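Starting from the two chains in their separate frames, assemble the complex, guided by the hints.
Chains as they are written, first to last, in numbering that gives the first Met the number 0: chain A, 0 to 519; chain B, 0 to 366.
Honestly, I wouldn't trust all of these hints.
[Claimed, not checked] Estimated spans, in silico, between C-beta atoms of each pair: (1) G19(B) / G308(A): 28 to 38 Å; (2) R390(A) / I16(B): 54 to 64 Å; (3) E183(A) / F124(B): 48 to 58 Å; (4) S318(B) / Y314(A): 21 to 31 Å; (5) Y253(B) / Y314(A): 25 to 35 Å.
If you are wondering where the hints come from, they were derived from the structure by calculation, not from laboratory data. No experiment lies behind these values; they were computed from the predicted model shown. Just so you know, even glycine gets a beta-carbon here, dropped at the ideal spot from N, CA and C.
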Amino acid sequence: MRLLLVLLLLLAPLTGRAQDAFSDALPGLGGGFAQQAEAADRLGALGDPRAVPILRALSDGRLLKRPDGTLLIREGDRVTEVATGAAADPAGAEPLRINNRVRQALRGALGRLSLVSPDPAERLAAAEAVFRSRSVENIPLLEAALARESLGRVRERLELALAASRMASPDEAAKRAGIAALGETSSAEARGILLEARATNPALAGEIDAAIASIDRRLTIRRAFETLFQGLSLGSVLLLAALGLAVTFGVMGVINMAHGEFVMLGAYTTFVMQEALRDIPGLASWSLPLSVPAAFLVAAACGAALERGLIRHLYGRPLETLLLTFGVGMMIQQAVRLGFGAQNREVSSPPWMQGTLELPLGVMVTQNRLWILVFSLAVLALTVAAIRFTRFGLEMRAVTQNRRIASAMGIRTGRVDALTFAFGSGIAGIAGVALSQIDNVSPNLGTGYIIDSFMVVVFGGVGSLAGTLVGAMTLGVVNKMLEPFAGVVLAKVFVLVAIMVFIQRRPRGLFALKGRAAEQ
Amino acid sequence: MSIALTAPPPSRMRLGIRTGLIIAVLLLAALPILNLLPRDSAFHVSDFIVSVTGKWICYAVLALSLDLAWGYAGILSLGHGAFFALGGYAMGMHLMRLIGPRGAYGHPVLPDFMVFLGYTELPWFWHGFQSFPYAMLMVMLVPGALALVVGFLAFRSRITGVYLSILTQAMTYALMLAFFRNDMGFGGNNGFTDFKELLGMPLGTPSARAVLFYASLVLLVGSMLLCAALTRTKYGRVLTAIRDAESRARFLGYDTTRHKLFAFVLSAMLAGLAGALYVPQVGIINPGEFSPGNSIEAVIWVAVGGRGTLVGALLGAFSVNALKTWLTSAAPDLWLFALGGLFVAVTLFLPRGLIGLFDRVKKGRGA
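Next comes chain B alone, as it looks inside the complex (with noise of 0.2 Å):
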């Protein structure tokens, strides 16, 4: 598979983006500030619209994370929801945690849903998550683990395309019925919720609110840093030419499963991080957040932005979950034909996806 990519964007288009990212950067931090504005107020912004872009910019991160593997690695994972779900849950054990002798059955250390079940003791893997620095290392290692262990197995064996795809979603789809088991020791089919604090502060409050909508944007802005750099270094180029002609870039002498290998895992470490920011948002995490769905619905984010832009990955992941989040409520039957359409029309006529639209516009004035 290989995609004609333009040569590097003419540096007035590149200063174009780039002034657009940061005027919806801060266009996007202003939001907790105006929700603080007196209800009456003409820019007043309602709490729900705070906590859905909170959440759009943890999906915005998984976005990015992929567009990383797929966009520039050629890694088309149909498996990262489960990256982001076990960041998830790493951030959930930490919350459940912190619950202490406040749940329902008012037991000191275990959570309600362990002693409902009869557990006795914490099992060992329980161990440590009261610590946030501990649970904040688990978000990103336990997804990076994963990573390294299903892409050392498949890239060694040359596993590559559908098969690497299908692969993963078998991945995502082992996870989630491993997870709706009750002995597994996560909650079974209710998973996590009914969070009381986090580093001390209560949630639910419109400060909390603030505070992990900052933090959701400090590391969307992080990771996209990041991945802006890490594509224009030598190794970027590297990952390129592997995703363009794999078996060229390994005769000319490098290492293509350990290039693919660090960029899928530094793709999960990103997913897992959005996921554990994504939790406290929602209040909750199940087993539902490894379906096979949810990973392709993030695959479609990035082709509906473009993909091997990074930019749009972003702005895939806002417009398609704007029309969600309408569209759900407008005309909830219709939700399903128009994610269906949008991988239709967009695989069809829009193989770039937004960006690509974008481009083909400005070409046209400008000749």
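Here chain A stands alone, though its shape is the one from the complex (with noise of 0.2 Å):
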């Protein structure tokens, strides 16, 4: 208690000092222009939130002077005392004028009065604007500001706007503080600021220099990451389109093409669950999660009537599998064309998947790739468990190794077959919930994965997950790192024409089936 009360008393001539400096300076506001403009340069290097109001009312001529003197002020209906905050009766008050001189000081006083308004966005934008005036005077107020500043961003923002400001002051030992501060951070202005002044400052070249390096090193590790968080996000979108034809290609030997149209149909999916739930309230923000069941419903179902209607008459015959399921694929994709409309549709992302977020060292990584890299393993994961650790996929497993043992054990392989081709489908139709959140849905959405996937399963190894996770990831981050290179396009046609050289060198695979089942 007594404590409290020592420091009441350390702190009450301070707080008195602000409290008479701040309204010393508001009469000044009153006077001729010459007084204003002083007054309103005193109350911008006061740094006090109250003055912001104040000086905005006299910008906008809502300022108001009584013959007595005292400063009114008026918001909308309401006038008020400025001094005191006590409403106050408006007769007789003039409304104060101002000169261009006077407007020009107020907005400056303004402008470094935001660097303490109560609103982060309004701060970081002062902070921004105070980086690019780069003027020795901002150095206090800066320092003033961040004595005061708890948010972490603005911080970064204040602390880069101070080096910059201390770039362009006279004093050495200023710039060298700067010249630290600004080698600290791994930002692009940072460095050209530095950059820039590598020019004027001779004798300060080699800490330059070094700072340089500094920021330079941290960048590149910075591109790095995000190199690798693009390619393993183009990786996740590959899995996904790849692990429902590593089941149905590389568990069950049967090559189907039209397995991007089941991924088009799970995006379709997502779209007629979007506008069926938009209306129904409490449902509607849940449209997406609760797609990925629905998408996974509708392939399966297709699958399965593709499997028990045509695939079946094909065993043993995969090249008219192949050329079968073109077809079918084909008239799945016009069908959707003729029944939807041949424009992209318009599938809306739930507000947890937008935006960015940004992770240490600067890496900015979207919301909507995080999540669908964190799906895809998921769905991954599940593939696995049900394949491993169910009573459907032991029967799988049985049928795949030897189809007529498993069946004299009594599986109805038929109904095994049907069952494995509805799961790899409705895996494709999930993949089509995620990529409605980064592509276009259209017709032919399907079409551009195809190929891709097909080329996942194959680098990884057919009939293996784990291959085909690796190869997805391995396709992805490969593809990302040679795109600064070579272009999109060029890079495509690289990893497509490294993969042809690869199978040269494993013609299964990187994960190849050993034993008996390698020999079909």
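Here it is in structure tokens:
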């Protein structure tokens, strides 16, 4: 208690003085133009947020003066006294007039004061503006603002602005501090300032070079991480598209060229769910998560029908199966084109998937890509679990390994075939839900993925889900690593050529099946 | 994969096929002449029919080349459209060079699209294409070389069946992506068009149409004779053996890689020639020709006609394209359903195509 009292006593003169300086400056606003400008400058330099509404009112012509010299502020219909904040009678009060010089002083003061505004976005914008102006006069202001700033990203901008302002100072020590602070950041803007300063400060060239090198190091690391993330993100898309294929082609040996169309059906299911749930309160925001099981069911039903109706008759004739499923894919595509129209359909992202996320080192990551990466791994885990730990998975593996013995053991192989194909197709449908978030939902959505997915499966090793994972991620990352040098299209061409050459060395892919299964 | 091929058909039937073919060729050959008849004559054939049939003849050569690879060597190429398009591009380059200073920009050497893209000189691979013999050589060499490289890599490591199909599809897909790029020097997604002349004769006139039509017909008859002769040699028999049981043929001491490679390269060259005659008739070539869909459409021609018969490829190419031409104007929305349905119907009910159907009908009547 006593301690508090002592603290209060110590603080009293401080607050009192600040109070005084603020109150002292106020009447100046009611004086002549020169006085007004001076008062605005003083208020701006004080860095007291209370000055903001007053200065704004003056610049908007809402600041009134009564004949007795009291300043009033008009806020719509309400008029209050500036000094006390009490309601006042505007009778006889005249709005204060200003000239260009005052206006300029007001703009400067307001700009500085927004550094301490209660709105973080406004503070950020102010820090940005001060950073760009790079004037020595801002140093004390920035220091004051930094002292009270608690938000990380605003602090970062303020520090950058402070360092940049210090670089403009004639004082050697301040410059050194500025260089050191800029060297700590990892921003391309800081690098630009340092490069600029290097030309005019030959004495500090060594330190500036060191600072630039350290920024470059950090930028390289950041770029590497961003490329890695983009690669993994592309890889996750490939993984989703290829996973169903790894089941139907890899496990069953059925080549399904309509796989891309099942992906497309999944994306359209997402669209239909969104439209169906749009007007149902409470469910509308859940349309995307609900689309996952819906798309699985739609695609799985189509897959089961395709397997039972057509593919079943062609087992052991892979080339015919290829042609047949291609034809089916063509018909599905045309049916969707006639049903939904050829133009792109809009599937919106839920709010929690929008925007970008900033990771340490300033690595920027888009939320939806991150979600898809997580989602693809979850789907992979579920697929592996379904094959490993369920009764259905056991029967599926048994039929794959030896159909006749499995049949002799009492497994209904026909049913297992249908379920396996439906399972693989259902995963394709799930992939469509994810793709609807990052790609155009159009009838030929699947066409772009089918060749890439086959490449992933062949590259990773037919029949191996681990191979599919590694294959997808490798192709994704290599593709994104090549892009800066070769461009998007050539990178893709290079990857295709590389796979052709790779198959030379390992015709059965990265994770080749060994033993009898590999002999087919 | 094995198809139980019947023993060589009885000579009466072969005679029937041969007579049918000769009549068909004579009928085709008559088309441009009937086109010259006065418009009100009952036998007049419209320009449209002549140009469309000319296109179909090129397609038939493509189908024939695919039948050689698929029907006899067991190589289901889903990228034959790439060889066709490469031949077309080689011819297109010749035609572009022949435009000379008559382009819209009036540059003495550079084609319009190069002037537009800011080229200052001709890229190295465009030299020589002003000469017709050189261009004809390239029409065969470029697809042949691509087939040689891809085929060598694939057959050597014993990539067969669907793997090979996917690989060839990836090949044409990669080429399509590459040709869509402007800086490849092939006109980007606009490709080549606005051709003026070929061998001194202005394109687009009835006489040019007739000359190109006959050239295509000669190519068709020539490649038909070549393939028919080839498949009857010992080489052809070995090829069929490889198709039906590759390991067995290898164990018997045949170099299966080389046998398949020869068939694949020859087939690619024929496809290139077909493309080369196709381009001046339609007046345009662009990267869309590389699209995997085109290649797979060619596969369905062969499948519909009946693979491994050569005649079937011709029959399939003409009948499916006739259906396409009719349906895309009568009910454009239905064409893709019809094409998809053809895929399903042929694989499920007509594994030996229309030719197989005829055989069955004939046998039924004979019994």
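Evaluated hints:
Look at G19(B) against G308(A): about 37 Å separates their beta carbons, and that is inside 28 to 38 Å. A C-beta distance of roughly 57 Å is found between R390(A) and I16(B), which places it inside the suggested range of 54 to 64 Å. Between E183(A) and F124(B), the C-beta spacing of about 52 Å keeps the proposed range 48 to 58 Å intact. In this structure the supplied range 21 to 31 Å holds for S318(B) paired with Y314(A), their Cβ-Cβ distance being about 29 Å.
A beta carbon spacing of about 30 Å between Y253(B) and Y314(A) agrees with the range 25 to 35 Å that was offered as a hint.
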